[in-house]
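Asks: Each chain, letter by letter, is given below.
Number of protein chains: 2
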Amino acid sequence: MFDYTCETTCGAARAGTFSTPHGLIQTPCFMPVGTLATVKTVTPAQLAAIQPQVVLSNTYHLHLQPGEDIVAKAGGLHRFMGWQGPMLTDSGGFQVFSLSDMRRISDEGVVFKSPRDGRTIEFTPEVAIAIQNALGADIIMAFDECPPYPASVSEVEVAVKRTTAWLGRCMAAHNRSDQALFGIVQGGVYAELRQAAARAIVPFDLPGYAIGGVSVGEPPALIADIVRATTPLLPPDRPRYLMGVGSYRELRDSIAAGVDMFDCVIPTRLARHGAVLSRGQRWNIKNTRHREDFSPIDPECPCYTCQTFSRAYLCHLIRTEELLGYTLLSIHNIMELVSFVRKIRVAILEGCFHADWWPERFLEPSRSPIDTTDADSLGAAGDN
Amino acid sequence: MFDYTCETTCGAARAGTFSTPHGLIQTPCFMPVGTLATVKTVTPAQLAAIQPQVVLSNTYHLHLQPGEDIVAKAGGLHRFMGWQGPMLTDSGGFQVFSLSDMRRISDEGVVFKSPRDGRTIEFTPEVAIAIQNALGADIIMAFDECPPYPASVSEVEVAVKRTTAWLGRCMAAHNRSDQALFGIVQGGVYAELRQAAARAIVPFDLPGYAIGGVSVGEPPALIADIVRATTPLLPPDRPRYLMGVGSYRELRDSIAAGVDMFDCVIPTRLARHGAVLSRGQRWNIKNTRHREDFSPIDPECPCYTCQTFSRAYLCHLIRTEELLGYTLLSIHNIMELVSFVRKIRVAILEGCFHADWWPERFLEPSRSPIDTTDADSLGAAGDN
Chain A
-1 MFDYTCETTC
9 GAARAGTFST
19 PHGLIQTPCF
29 MPVGTLATVK
39 TVTPAQLAAI
49 QPQVVLSNTY
59 HLHLQPGEDI
69 VAKAGGLHRF
79 MGWQGPMLTD
89 SGGFQVFSLS
99 DMRRISDEGV
109 VFKSPRDGRT
119 IEFTPEVAIA
129 IQNALGADII
139 MAFDECPPYP
149 ASVSEVEVAV
159 KRTTAWLGRC
169 MAAHNRSDQA
179 LFGIVQGGVY
189 AELRQAAARA
199 IVPFDLPGYA
209 IGGVSVGEPP
219 ALIADIVRAT
229 TPLLPPDRPR
239 YLMGVGSYRE
249 LRDSIAAGVD
259 MFDCVIPTRL
269 ARHGAVLSRG
279 QRWNIKNTRH
289 REDFSPIDPE
299 CPCYTCQTFS
309 RAYLCHLIRT
319 EELLGYTLLS
329 IHNIMELVSF
339 VRKIRVAILE
349 GCFHADWWPE
359 RFLEPSRSPI
369 DTTDADSLGA
379 AGDN
Chain B
-1 MFDYTCETTC
9 GAARAGTFST
19 PHGLIQTPCF
29 MPVGTLATVK
39 TVTPAQLAAI
49 QPQVVLSNTY
59 HLHLQPGEDI
69 VAKAGGLHRF
79 MGWQGPMLTD
89 SGGFQVFSLS
99 DMRRISDEGV
109 VFKSPRDGRT
119 IEFTPEVAIA
129 IQNALGADII
139 MAFDECPPYP
149 ASVSEVEVAV
159 KRTTAWLGRC
169 MAAHNRSDQA
179 LFGIVQGGVY
189 AELRQAAARA
199 IVPFDLPGYA
209 IGGVSVGEPP
219 ALIADIVRAT
229 TPLLPPDRPR
239 YLMGVGSYRE
249 LRDSIAAGVD
259 MFDCVIPTRL
269 ARHGAVLSRG
279 QRWNIKNTRH
289 REDFSPIDPE
299 CPCYTCQTFS
309 RAYLCHLIRT
319 EELLGYTLLS
329 IHNIMELVSF
339 VRKIRVAILE
349 GCFHADWWPE
359 RFLEPSRSPI
369 DTTDADSLGA
379 AGDN
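From first to last, the protein sequence lines are chains A and B. Once you know that position 242 of the first sequence is 240 in the working numbering, the rest is easy, because the numbers rise by one and skip nothing. Once you know that position 216 of the second sequence is 214 in the working numbering, the rest is easy, because the numbers rise by one and skip nothing.
Hints are computed from structural coordinates only; laboratory data are not their basis. Mixed in with the good hints, there may be bad ones.
Repeated chains share a single entry, so a pair holds when one copy, or any two copies, can fit it.
In silico lysine to any residue, SDA-like type, Cα no more than 25 Å apart, as pairs [to be verified]: (1) 71 with 247; (2) 284 with 62; (3) 284 with 116; (4) 111 with 219; (5) 341 with 279; (6) 111 with 299; (7) 341 with 96; (8) 341 with 47.
Could you put the whole structure together from the sequences, leaning on the hints where they help?
Replies: Structure, rendered in structure tokens:
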């Protein structure tokens, strides 16, 4: 259990598998986010048709509502939400540290006021692990300190030290052998601190490692630098997970630098604004040019939405604020990123993936350059 | 095409079939409402699993958005929304007359201001039929005058006369042999006017007849009186459709009086408020007693929601305002009313249906009396 096998490499890029109690994860993979035990607007049956390798959920949000006790009594997160494949829970670190006006950090942990009802809550490494043990995902994440951007070297240094100390406490608290605990490399935008953090946590000999604290407002180009500085120091026989990243370009560049797993709320969040991801582009279905366009978003996309509905119908649904529109665009956008990363996996297996690779159909000359999902659209960290 | 066959009767109740270009309709049946070419929050695939006999859509709403031209260019309503079974469009009469502050009625038709953009629109019998011919549903409805409740005898008399005159114009305007035009009996709460209206329109020899102008605020008990006064005057070899009715009791009582078809927004509207219809009851899933109830809404219900999710999970989704909750409750509530009427059909076929009939499991002694969906919850007529 929790064995990572690298099937093949293409430069630093890897195609591999990771075994979990709920099945094999083929990497690289894009993981849809189901913050509150639901990938927003999508049923588990619709999600299963997209065949994502893993689905995420969130410790912080589930602790506030409905509470991990209820999820545990339901038989765990898988049974509670009806998802039978592999699952991962984030530790809540990212969310708690985003509550900048309402929290107090110490070496012990973080005390914050619940944005829901104002009650005081303390998250420590022990608490974050206890919640995740109760939730029962296949992969759980260490409780880390995620510094904001910008932050000074000394501020980030403190966060790295704390994250390392907390990792030991997370390991000591963790009590389920059917869950893999991943450590998180912090270090902000400072390559040396990233490397120091990686060197500090790799000796913990964990089943997987994540790069956290990115997508917090820094210029997207810095993400690539951070990843390239970090991955060479992570063990080659463990999966690597870049947290919160989901634009076409960042996915490709990070895979080229040796990352295996990604998550991002972008496909579902964009859907709720009528925005479509397709063939490397991002555009809005509400636009007048789609009103009488009876072709699908992408005739080659195998998703239910593209196989069934026209742009004209989707334009109508979004313009009239029909909730079905959000469902149908979410299905498409998730399929788009899941299958984009799946195509990269195939390219790695076929030995033709490289740093400038794009799927052929992204490169039609009539199109504008590949769109980079801008960081602004990711919204506030507490959003989901 | 458009043949009604009565398979058997049980008192005045009938079990029959009605043939349409998109398949047979088995009656009695409950028709889910897809006002804007979508049954709110539910995909056509999810709807198909519930096996409703017919799905409704609305002339008035579709004329405003996206416009019947776009639907026609898409290949008609079936193709536009991805529903391959029988469809019915309402004429818009009910909606237009509900815009009481913004409309002017004459013998010619109704002039009103669009609540969407303020532009002036005229609906006449000819316009309502032209829109419905463009939309392409299997069954289309005559443009009628729907008086409010309360209304005086003389006001209702005018509406009945106008509705009759307009029916002639609707028939003259109607130009598609693959669509069945149904006439509508008006007459308010006055039995004599209902009967006069029925006698006036039956000679038009239409493929079906509706009872309209109910569920507009009158006491529910009056609906039964209206129905009982009207159905004996409608031809036995044509289907009868009671518009806008959808509580357990009204469905049962109206079927007992000889009605075959029903539509109501109640299952989807209630779902969006967290309200559940089950075994003759109506209750809210948000209630604290469901937080730790890991049983389904109804273990005997064959819907996706009951087969997959617990009350605790649904309670969580509705409390956190996750849109998936509205989808899952809509699926259940539609299944509930569709299968309630389907059970009545079976009881008629088996010869055991009668005026006091309820499904056995509605009658558990621990339960409170059968809930009548109160008229208030139907909301304003312009709502959908």
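Asks: Each hint: holds or not?
Replies: How the hints compare with the structure:
1. 71 with 247: Classified as neither: same-chain Cα gap 41 Å, cross-chain 38 Å, threshold 25 Å.
2. 284 with 62: between (35 Å within a copy, 16 Å between copies)
3. 284 with 116: between (38 Å within a copy, 21 Å between copies)
4. 111 with 219: neither (34 Å within a copy, 52 Å between copies)
5. 341 with 279: For residue 341 and residue 279, only the intra-copy Cα distance (16 Å) is at most 25 Å; the inter-copy one is 50 Å.
6. 111 with 299: Neither way: residue 111 and residue 299 sit 44 Å apart in one copy and 42 Å across, limit 25 Å.
7. 341 with 96: For residue 341 and residue 96, the Cα distance exceeds 25 Å both inside one copy (34 Å) and across copies (54 Å).
8. 341 with 47: within (17 Å within a copy, 32 Å between copies)
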